[in-house]
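Asks: Take a look at the letters that make up each chain.
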Amino acid sequence: MKRFKINRVKWSLRAFSVTVLCALLASCTHTLTVSGRIPTPLIEPLPVSIGLIRPPEFSTHIHREKLPRGGGDWTIELGALQNAFFENLFDTVFQGVQPVDTLGCRAEDKSIAVGVRCPDGFVQLSLLEYAFLPPELSGLKFFSASTKYQLELMNADGAVLDTWVVVGYGKNEGGGFQPTDALNAASVEAIRDAGARVALEWPKRRNVQTWLDSVGVKNDPKPIM
Amino acid sequence: MIQNRLCNRRYSWKCVSDFGRAATARRKIGVLAMSWKAGLRVAARRVTGAFGLVPVVLLLLLGGCATTRVEQSRQTNAVLGTGEAMVILGRATYNDRETEESFTDCLADILSQGSNPIRLVSEDQFKDDLYPWFEARTAPTNANDLGRLFAEAGVQAQIDQSSIRYLAWIEGDTVTVDKGGSMSCAVSTFGGGCFGMSYWEQDASYEASIWDLKNLSASGQISADSNGTSYLAGLVLPIPILARPGNAACKGLAAQLRVFITGVDD
Chain S
12 MKRFKINRVK WSLRAFSVTV LCALLASCTH TLTVSGRIPT PLIEPLPVSI
62 GLIRPPEFST HIHREKLPRG GGDWTIELGA LQNAFFENLF DTVFQGVQPV
112 DTLGCRAEDK SIAVGVRCPD GFVQLSLLEY AFLPPELSGL KFFSASTKYQ
162 LELMNADGAV LDTWVVVGYG KNEGGGFQPT DALNAASVEA IRDAGARVAL
212 EWPKRRNVQT WLDSVGVKND PKPIM
Chain W
1273 MIQNRLCNRR YSWKCVSDFG RAATARRKIG VLAMSWKAGL RVAARRVTGA
1323 FGLVPVVLLL LLGGCATTRV EQSRQTNAVL GTGEAMVILG RATYNDRETE
1373 ESFTDCLADI LSQGSNPIRL VSEDQFKDDL YPWFEARTAP TNANDLGRLF
1423 AEAGVQAQID QSSIRYLAWI EGDTVTVDKG GSMSCAVSTF GGGCFGMSYW
1473 EQDASYEASI WDLKNLSASG QISADSNGTS YLAGLVLPIP ILARPGNAAC
1523 KGLAAQLRVF ITGVDD
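Order-wise, the sequence lines are chains S and W.
The opening position of the first sequence corresponds to residue 12 in the working numbering, with each subsequent residue numbered one higher.
The opening position of the second sequence corresponds to residue 1273 in the working numbering, with each subsequent residue numbered one higher.
One thing to keep in mind: the hints can contain errors.
Label pairs and their in silico Cβ distance ranges [to be verified]: (1) 84/S <-> 1419/W: 42 to 52 Å; (2) 1470/W <-> 175/S: 51 to 61 Å; (3) 1420/W <-> 47/S: 23 to 33 Å; (4) 1363/W <-> 178/S: 17 to 27 Å; (5) 1419/W <-> 212/S: 18 to 28 Å; (6) 1388/W <-> 175/S: 44 to 54 Å; (7) 189/S <-> 1420/W: 37 to 47 Å; (8) 1429/W <-> 106/S: 13 to 23 Å.
In silico BS3-like cross-links for lysine-lysine, where the CA-CA straight-line distance does not exceed 27 Å [claimed, not checked]: (9) 152/S <-> 1451/W; (10) 215/S <-> 1399/W; (11) 215/S <-> 159/S; (12) 1486/W <-> 1399/W.
Covered by chain W, according to a simulated footprint, are these stretches of chain S (three or more residues, beta-carbon under 8 Å) [what the hints assert, rightly or not]: (13) 46-60; (14) 201-207.
Please keep in mind that the hints were generated in silico from the structure rather than gathered at the bench.
Keep in mind the model is a prediction, meaning the values are calculated, not measured.
Even for Gly, the Cβ is constructed at its ideal location relative to N, Cα and C.
Generate coordinates for the entire structure from the input sequences, incorporating the hints supplied.
Replies: Okay, here's the thing in structure tokens:
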């Protein structure tokens, strides 16, 4: 009976130690699915239609990083939100948007459905880089995040007309107990910032202007505030 | 100008005096405030070194106060009409200092309550409704840009739909300007405790720029500066005496903002 009691105490101690160890390990691993509101831009759409190309990993992008100096392991699922965000953004920036897999409107291309008019151009959107910095590493009191996207404009024949790399930046006060919330807010802000630049700055680029002129759009670029 | 001294619950008093709107008055009060805090700090050092715990505790109870100065300048006399709303936005910057979200939340909480509540549109809602025009990168930096912004498609209609009359940009932050003292805590098999004293002085400085979205012009500015020294005394148990100048600045700014916007005190 006595031996049974000793064994029970021993096993309880082991279980407690394992629990504490697991808790410590878990505290160094952060998993975040970036989520947030998706605003509809308040802008006048460009009277053109585009075929929007995104690589398959755009909507499933997961950023994994092990930070130095005990910053922990981070797994950040960015894809779903950025995909929904830019889908909504492009739907507003352009009068017509067709999600396509490949560019081109030739007969052998299966991307554009039969009977659908070939778009005026194609835009390929890809995420080049996502980066973030916690307060412990930056020495500042907030989380910061940046997103780097590439927009490639192609005409209906597939010739590249313009390539633009745009960086969005966001930051949020880092809460010691809720680091994932702060990073989520910073990441959403970074996506919004990049989106704002796409909506306002991209149509004013010279090559884009030339393309708009070529498809018969009179676009009067206003200065950005 | 209004000067308040806001302290912890049981030891609070308030003095209000109108010094007019001249900039010279601000300088005079600034000098007085500086001498008060410097004096308190020196006294704290001397008392801990020379006397003992009782005077230290008494001093600490006096120390948890924040002195706040509120000033305003007004360019128009318009006030909020029936059904009209206001939005409070924290000015975002790309440097390492930024208005804390907690400060704008504090202002919103105070202004939307009381006997004379103001209808507020939340910052998130406003930014979403007017995306991408009020993001950190794209937001207008002065009231002269409002005309150009309102010429953009849909902006005027959206503001009209929400009945937003005033926009208050909040700039500023709370920083620790001085800290000192020392405290150590120890735990042993016979028990544990903390001994010593540390203090930190914080300076909260905020400014609200109020824009009239009906007349597309700047209506005025209100600034609130508050400072206070907090203490942490180790008398076996650590005893915090917090001044909370950020909170004092929020209360001061909110009270003045309410008068500015509605013309009525709470």
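Asks: Hint by hint, note whether the structure agrees.
Replies: Status of the hints after comparison with the structure:
no. : hint                         : verdict
1   : 84/S <-> 1419/W: 42 to 52 Å  : holds, 51 Å
2   : 1470/W <-> 175/S: 51 to 61 Å : holds, 52 Å
3   : 1420/W <-> 47/S: 23 to 33 Å  : holds, 29 Å
4   : 1363/W <-> 178/S: 17 to 27 Å : holds, 21 Å
5   : 1419/W <-> 212/S: 18 to 28 Å : holds, 21 Å
6   : 1388/W <-> 175/S: 44 to 54 Å : holds, 50 Å
7   : 189/S <-> 1420/W: 37 to 47 Å : holds, 39 Å
8   : 1429/W <-> 106/S: 13 to 23 Å : holds, 20 Å
9   : 152/S <-> 1451/W             : holds, 18 Å
10  : 215/S <-> 1399/W             : holds, 23 Å
11  : 215/S <-> 159/S              : holds, 19 Å
12  : 1486/W <-> 1399/W            : holds, 18 Å
13  : 46-60                        : holds (count 7)
14  : 201-207                      : holds (count 4)
Taken one by one, the earlier hints all hold for this structure without exception.
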